[in-house]
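Number of protein chains: 2
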Amino acid sequence: MALPEVERGAQAEMQTEPWRELAQAVDSGDVAALNDFLDASPTGEIARAISRLSVDQQRELFVLLPERQAAELVDEIPDAQVVQLLRELSADRIAAIANHLPSDEQADLVNLFAPQQADEILAEMKPVESADAQHLRVYPHDTAGGLMVKEYLTCPETGTAGEVVRRLRDKIDEYEDYDVQYLYGVSSTGRLIGVLPLRKLVLTRDEQPVADLIVRDPYYLTADTSLDELTDFFQRHAFFGVPITDDQQKLLGVVRRADVEEARTERADASLRRFSGLIGGEEFRSMPLYSRSLRRMTWLSLTVILNLISASIIAFYQDTLNEVIALAVFLPVISGMGGSSGNQAIAVSMRELTLGLIKPYEIRWVLYKELILGLFNGLLVGAAIGCAAWVWKGNFYLGLVVGSAMTLSILIAVCLGGGLPLLLKRLKIDPALAAGPVLMTLADASGFFFALSFASLALHHLRI
Amino acid sequence: MALPEVERGAQAEMQTEPWRELAQAVDSGDVAALNDFLDASPTGEIARAISRLSVDQQRELFVLLPERQAAELVDEIPDAQVVQLLRELSADRIAAIANHLPSDEQADLVNLFAPQQADEILAEMKPVESADAQHLRVYPHDTAGGLMVKEYLTCPETGTAGEVVRRLRDKIDEYEDYDVQYLYGVSSTGRLIGVLPLRKLVLTRDEQPVADLIVRDPYYLTADTSLDELTDFFQRHAFFGVPITDDQQKLLGVVRRADVEEARTERADASLRRFSGLIGGEEFRSMPLYSRSLRRMTWLSLTVILNLISASIIAFYQDTLNEVIALAVFLPVISGMGGSSGNQAIAVSMRELTLGLIKPYEIRWVLYKELILGLFNGLLVGAAIGCAAWVWKGNFYLGLVVGSAMTLSILIAVCLGGGLPLLLKRLKIDPALAAGPVLMTLADASGFFFALSFASLALHHLRI
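First to last, the protein sequences are chains F and Y.
The working numbering applies: residue 10 is where the first sequence begins, and numbers increase by one.
The working numbering applies: residue 10 is where the second sequence begins, and numbers increase by one.
Please note: incorrect hints may appear among the correct ones.
Identical copies carry no separate label here, and so any pair may be met within one copy or between two of them.
In silico DSS-like cross-links for lysine-lysine, where the CA-CA straight-line distance does not exceed 27 angstroms [unchecked claim]:
1) Lys159 <-> Lys209
2) Lys437 <-> Lys368
3) Lys368 <-> Lys434
4) Lys434 <-> Lys159
5) Lys209 <-> Lys368
6) Lys135 <-> Lys434
7) Lys180 <-> Lys437
If you are wondering where the hints come from, they were derived from the structure by calculation, not from laboratory data.
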């Protein structure tokens, strides 16, 4: 059915602005409409719609929603947005929502808040949930302890398969959300003894003793296992989960493959953010202005200082520049090309460090590889820039000065770019954060230095 | 037991150079030692050791290893390294290795080669494996079709639970590696009818009809479902896998949650690489020089041209620069700050696009948000730079020119940085790739233009 242009536009407007739908539901207190919206929309759509509500509407949303739906919602939207939204609520309301989250998410949620507020929330949560969350939150986020869940099934090493099945049957509802790929055989003191794949339980007779079915001497990891080690484990073994124990082999939790992969994605995303200078944490445009400004200015203020430092080299050679003004055209080019070359080398180093293809102590090998490449590419680019200068001003020496400065600048930039991530990693500093600015300053400064000092040496050839 | 210093050094050398161990094993043809090394070392260590072997040694490695171990190895090392290694082998050797890989990996492996070689390999593979791989390889990598596996279990909708269990029992070995969380109920024509959770099979009696246990009307997705839609699906539902069907609801394969997460990580890593200018594909330092040079020069040659374009603005204003040489010091600073500010805005836009917090058509909202922030931060930074210039030369107008040019440059840079990713996404161009160079050129050019044109206007105040 063809609609007149106006109506079609209005329909499109309403279709493209779902947040209005959400805002209406919130304002009119229509919980059913709220639930409909949340069930029907993709998570990105939901997060977007919420971000366009006013602060009051957002608070109202979390007051209206039943706890379970609120917990699902919290699980689906980005962490940075969660803090913004829940900050306004009371501790007992947040606790009520947290009670419905899986244990690892509870710990993450609580850790998003300042310590005092976090303690208040924990105090208001159900004792069992609170204990789980408190146990998990002490582990750093990127370790087995921080990723593990406490929702797993155990069975004693005595008894028969039939008894295990009966116990499962009784608690079928409670175990709805659990990962029942395996049951973990534990001793009376809670020590991990073996693994009982559900598959085996299916294919066996009731009277078979559990002791015969359990796979003894199972793979397990400790809570301090790093994300890289977990990644490696799941690359070598096709399992979907691994039990996590303490030093006495007491079972603490289970880390699932999918959660490891998710943590890797988050880490890669965070790397890109820090590499782009968003070091003050994740920024969303729905955040207030001062918050966004602060996050960006953290990086910019540092960059200002570094840029002025390298620019001071130009100031030092002002007299040379006065005589060879054409150089001023090529200084930003040298700076730009040095930066691009260096960033490529940084990216390769970071990638190779992540994959384990290089170790932080292998700086000499990396420098050797970058030296050759830097010379090769540097000569190509230097020749191109040099020719451009030569052709432009008809002065061969200008081309020589600019070209050789460019080549040396690229050479230094790729060596710095290649080596800095390794050095920073040894010093336990995040390469994604620091390699950029250090490289930029040193590469710029050296580029300016070479161009201007070479020009000073060849001054009588360059006076046009 | 204390060792003399020399021995300890040698021990450390051997400990820190496992590739020598691998090289020795390859050279002496010692397959047992090879397997020991591969079993004992983390995957990063293996990839690293392999990359340090000579080309002949690498070929020899894949000739020595039994097919199954070779397949495991191929599964563990990065794709770019796989191509390098296998390229030298014959098609039937590659096919023999491929036969042992899971179906989605087979398709990925085959697609790493040029079409002609890929066809040769497929022709040499076992018919069943070859058919699976051929079926899967037509799907783009980042879709449900490209991620799905063909290793899943089905059951007919007739019969009893006991019959299903008996059939499982018979094929227990074959199904060792399968994801047996669910069985998929299919009709006689292969249409997806329902899902039978393994859990239910455990908790039921033998004579229960399958028809009663199957969960009808199950969730499913089609093969063209994008990675973003898959991510959304697994965010909303706690399942570990989802069946993939064609338009007639015929079951094609299963996508597992962990594979979706892994694909997301790869995508995030690739984004960082392209953002850093590694657009010619993944680079490893173990690659030959010409290969590495080509990959980096793809980006650098483009950057040279763009840099020269923006530098030509300076050339145009040479006369002004001649009179106010101090400006030459601040041009790289303006360029650098504009680049940093713009990159932050690009990163925020890309993040918000990924999370679905903004849609590509919402350019006006993004520009509005960036405009305010750009003005705010721009004034701060402009004031800082302007004061530096003022203090340095004692000339207020120099400070004013430099400061206002800086402010405007940042303003333009953040608006460009914020809006370009959205625009590029609408034009189906990869933002990680193009936003950087376009921003850099336009931001530099505008910064130079403002600084030099303002200086031209205020020339009589600036002549020192």
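Right, here's what the structure says about each hint:
Proximity of Lys159 to Lys209 under the C-alpha cut-off of 27 angstroms is found in both arrangements, the shortest distances being 23 angstroms within a copy and 22 angstroms between copies. Taking the shortest alpha-carbon separations for Lys437 and Lys368, only the intra-copy value of 13 angstroms comes in at or below 27 angstroms, while the best inter-copy value is 38 angstroms. Taking the shortest Cα distances, Lys368 and Lys434 sit within 27 angstroms of each other inside one copy (10 angstroms), while across copies they are farther apart (37 angstroms). For a Cα distance limit of 27 angstroms, the shortest separation of Lys434 from Lys159 qualifies neither inside one copy, at 33 angstroms, nor across copies, at 41 angstroms.
Taking CA atoms no more than 27 angstroms apart as the test, Lys209 paired with Lys368 passes in neither setting, with 42 angstroms inside one copy and 48 angstroms between copies. In this assembly of identical chains, the alpha carbons of Lys135 and Lys434 never lie at most 27 angstroms apart, being 42 angstroms within a copy and 46 angstroms across copies at closest. Proximity of Lys180 to Lys437 under the C-alpha cut-off of 27 angstroms is found in neither arrangement, the shortest distances being 47 angstroms within a copy and 51 angstroms between copies.
The structure is inconsistent with the numbered hints 4, 5, 6, 7, although it conforms to all the rest.
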